[in-house]
Amino acid sequence: MWKTIVRRFLIMIPQLFVLSLIIFMMAKFMPGDPFTGMITPETDPTRIEELREKHGLNDPWYEQYIRWIGNAAQGDFGMSYTFKRDVGALIGERAVNTFWLSLVSVIILYAIAIPLGVLAGRYHNSWLDRLIILYSFVSYAIPTFILALLFLFFFGYTLGWFPTSGSVDIKYDPGTFGYVMSKIYHMLLPAITYAVLATTTVIQYLRSEIIDAKTQDYVRTARSKGIPMKKVYSRHIFRNSLLPIAAFLGFTITGLLGGSIFIETIFGYPGMGQLFISSITSRDYSVITALVMLYGFLALLGSLLSDIIMSIVDPRIRIE
Amino acid sequence: MRTSEELLKITDLHTGFRIGDNYFDAVDGVSLTLRKNEILAIVGESGCGKSTLATSIIGLHDHNKTRVQGEILFKNKNLARMTEGDFNEIRGLEIGMIFQDPLSALNPLMRIGEQIEEGLIYHTDLTKNKRRERVLELLNQVGIPNAERVARQFPHQLSGGMRQRVIIAIAISCKPQIIIADEPTTALDVTIQAQILDLLIDLQKETGAGIILITHDLGVVAEVADRVAVMYAGQIIELAPVEELFANPKHPYTRSLFNSIPQMNSGNEKLNVIEGIVPSLMKLPRQGCRFAPRISWVPESAHEAEPTLHELSEGHFVRCSCHNHFYFKGEKEDIHHELYANK
Numbered sequence: 001m002w003k004t005i006v007r008r009f010l011i012m013i014p015q016l017f018v019l020s021l022i023i024f025m026m027a028k029f030m031p032g033d034p035f036t037g038m039i040t041p042e043t044d045p046t047r048i049e050e051l052r053e054k055h056g057l058n059d060p061w062y063e064q065y066i067r068w069i070g071n072a073a074q075g076d077f078g079m080s081y082t083f084k085r086d087v088g089a090l091i092g093e094r095a096v097n098t099f100w101l102s103l104v105s106v107i108i109l110y111a112i113a114i115p116l117g118v119l120a121g122r123y124h125n126s127w128l129d130r131l132i133i134l135y136s137f138v139s140y141a142i143p144t145f146i147l148a149l150l151f152l153f154f155f156g157y158t159l160g161w162f163p164t165s166g167s168v169d170i171k172y173d174p175g176t177f178g179y180v181m182s183k184i185y186h187m188l189l190p191a192i193t194y195a196v197l198a199t200t201t202v203i204q205y206l207r208s209e210i211i212d213a214k215t216q217d218y219v220r221t222a223r224s225k226g227i228p229m230k231k232v233y234s235r236h237i238f239r240n241s242l243l244p245i246a247a248f249l250g251f252t253i254t255g256l257l258g259g260s261i262f263i264e265t266i267f268g269y270p271g272m273g274q275l276f277i278s279s280i281t282s283r284d285y286s287v288i289t290a291l292v293m294l295y296g297f298l299a300l301l302g303s304l305l306s307d308i309i310m311s312i313v314d315p316r317i318r319i320e
Numbered sequence: 001m002r003t004s005e006e007l008l009k010i011t012d013l014h015t016g017f018r019i020g021d022n023y024f025d026a027v028d029g030v031s032l033t034l035r036k037n038e039i040l041a042i043v044g045e046s047g048c049g050k051s052t053l054a055t056s057i058i059g060l061h062d063h064n065k066t067r068v069q070g071e072i073l074f075k076n077k078n079l080a081r082m083t084e085g086d087f088n089e090i091r092g093l094e095i096g097m098i099f100q101d102p103l104s105a106l107n108p109l110m111r112i113g114e115q116i117e118e119g120l121i122y123h124t125d126l127t128k129n130k131r132r133e134r135v136l137e138l139l140n141q142v143g144i145p146n147a148e149r150v151a152r153q154f155p156h157q158l159s160g161g162m163r164q165r166v167i168i169a170i171a172i173s174c175k176p177q178i179i180i181a182d183e184p185t186t187a188l189d190v191t192i193q194a195q196i197l198d199l200l201i202d203l204q205k206e207t208g209a210g211i212i213l214i215t216h217d218l219g220v221v222a223e224v225a226d227r228v229a230v231m232y233a234g235q236i237i238e239l240a241p242v243e244e245l246f247a248n249p250k251h252p253y254t255r256s257l258f259n260s261i262p263q264m265n266s267g268n269e270k271l272n273v274i275e276g277i278v279p280s281l282m283k284l285p286r287q288g289c290r291f292a293p294r295i296s297w298v299p300e301s302a303h304e305a306e307p308t309l310h311e312l313s314e315g316h317f318v319r320c321s322c323h324n325h326f327y328f329k330g331e332k333e334d335i336h337h338e339l340y341a342n343k
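So the protein lines, in turn, are chains A and B. Position 89 of the first sequence, counted from 1, bears residue number 89 in our numbering, the numbering being contiguous throughout. Position 241 of the second sequence, counted from 1, bears residue number 241 in our numbering, the numbering being contiguous throughout.
Don't take every hint at face value.
[To be verified] Chain B is nowhere near these chain A residues, computed Cβ spacing over 12 Å in every case:
1. Met1
2. Gly56
3. Phe155
[Stated by the list, open to error] One side only, chain B facing chain A, incomplete, derived with CB under 7 Å:
4. Leu60
5. Asn88
6. Gly92
7. Leu93
8. Ser104
9. Ala105
10. Asn107
11. Pro108
12. Gly119
13. Tyr122
14. Phe154
15. His156
[To be verified] Quick list of the computed label-pair ranges, beta carbon to beta carbon:
16. Gly175(A) / Glu148(B): 53 to 59 Å
17. Asp212(A) / Thr191(B): 32 to 38 Å
18. Glu89(B) / Arg318(A): 36 to 42 Å
It is worth saying that the hints were derived from the structure and are not from the lab. Think of the CB as a built atom: it goes at the ideal place given N, C-alpha and C, for glycine as much as any other residue.
Pulled out of the complex, with its shape left as it was, chain A reads as follows:
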């Protein structure tokens, strides 16, 4: 198994290399550059030209690429043009915010979706099932930004239960208890919004898996042993029904760092999604390329993690 894992990591290197090439070229082909936004009637065009020359933006793209990939391989993704900071540190800081937000989101998501999916599957075709299906379709049909804005307006603005932007109240010092509580408080509304929107997949998967598992022969065998129905569900049906969710778990874990562009932007939460959008609009090449590389790596890592998780929960799957 370890051999396979090492091999999978080695395969990632050429994959990431191709990705980096494509990403770098696409970023460069976008019209404009970091200094485009700075041009005002008072700007001296020669000054802009000097800056471009100084940052190597007038070099051919392959020279720029080689320079960039050489540094990136050593862990140096350069400086952000807009934030004037080291990209690694900038992403690291945002990633921490996003990680905690995503973690809270996923916990709320499973806390809502798993019980609902189990209930819908167990009592399928009952009014309860239909109600849950209705909910899951409605939440699936609502665009993220509509629900996010509604929640923000209703719970944040009208009722005033939650803060409407930011990740922490500035009056607290880092490391204090109040600081942590304030962080969690700021996360709740975006996390709930995300969870409500994402439940559909989990509910539907779990529901159909349970309906399917109920008719399986091994469930009939379990019933023929005379064990209570509750145990048949917990030991046989439920465990088997969780397999497809386990298959996604690797992606869910790596997705914790990805963040949600809509949610973070609307709730003004300084995370990865928001950074991604702002870096694109400001043509902040070093940030864009570093972020996309990171997302690519996470996607590859996610599939590997999923395979490993599957091999742990399903004895029929073994990584050879």
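Using the hints provided, position chain B relative to the given structure of chain A.
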């Protein structure tokens, strides 16, 4: 070997499935007794209601879509009126069940040992260690070598025959008085079939349990059964001790079944078949002789209006009087031709 002690007495059992707003009886007025120490075979084509009969006895049908009427008397309790909760006191403990497809009948995520142990947890007071011992003992009993290792394995690591042995171990784990085997050898290849049947016979002798063996394989019946009930369209149409049935089949359906077994040495290239198909549940004739449409050349007057079981000799019952007038289609036509030619 047969004693008269009755384990299970089924009287006028009707099991119907709901389709739309109506119930259609898949088992239509079956009366049967299972005695201690005997293997009772129930034979019939697919869809004749034999598996439905089995699931009615052990209560494994879908309670929302199924209606069970009549009486299934076991230890003075009517199983036909039992709730799911009451059934759990009987299932596994007093009635064990063996299923058709060993490939899908075991939970793929659970170790063999755990799956056998499960019934013991709920039906016995054995401690964890005692249960482990019992699991190994059971695995040995059903002829599995390396019991310790197999107990830790998962179903996909075993062959079909081994898995069926595990299913049997589950069924007998609490020493039940009745074992229902629903086509236990259908999914296995022939050599394994013989082994599993031998195992069933041995276990039956050891435990003195009554076994209901459901099958469509007359070869299996001849090998293991003591008595045979032949089912057609939800009814028992012939019931007899196995030697009697094979020596002296009466009902046209039974005779047609025997006639349709390919003979190696007959030189007859043509396979004898039964005309028509088993009617679907919704189209089942509810009156008269159910087999009449498939032997249309036999005159209508030969059938009874309300066919009942008649005891022809001791323990040999046949439904309807049409067996007195039955002949195979070819036979009569030949006679007819001869007569015609002679004129």
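Structure-based check of each hint:
no.: 1; hint: Met1; in the structure: 17 Å, holds
no.: 2; hint: Gly56; in the structure: 57 Å, holds
no.: 3; hint: Phe155; in the structure: 41 Å, holds
no.: 4; hint: Leu60; in the structure: 6 Å, holds
no.: 5; hint: Asn88; in the structure: 4 Å, holds
no.: 6; hint: Gly92; in the structure: 3 Å, holds
no.: 7; hint: Leu93; in the structure: 6 Å, holds
no.: 8; hint: Ser104; in the structure: 4 Å, holds
no.: 9; hint: Ala105; in the structure: 4 Å, holds
no.: 10; hint: Asn107; in the structure: 4 Å, holds
no.: 11; hint: Pro108; in the structure: 6 Å, holds
no.: 12; hint: Gly119; in the structure: 4 Å, holds
no.: 13; hint: Tyr122; in the structure: 5 Å, holds
no.: 14; hint: Phe154; in the structure: 4 Å, holds
no.: 15; hint: His156; in the structure: 5 Å, holds
no.: 16; hint: Gly175(A) / Glu148(B): 53 to 59 Å; in the structure: 55 Å, holds
no.: 17; hint: Asp212(A) / Thr191(B): 32 to 38 Å; in the structure: 34 Å, holds
no.: 18; hint: Glu89(B) / Arg318(A): 36 to 42 Å; in the structure: 40 Å, holds
When held up to the earlier numbered hints, the structure conflicts with none and fits them all.
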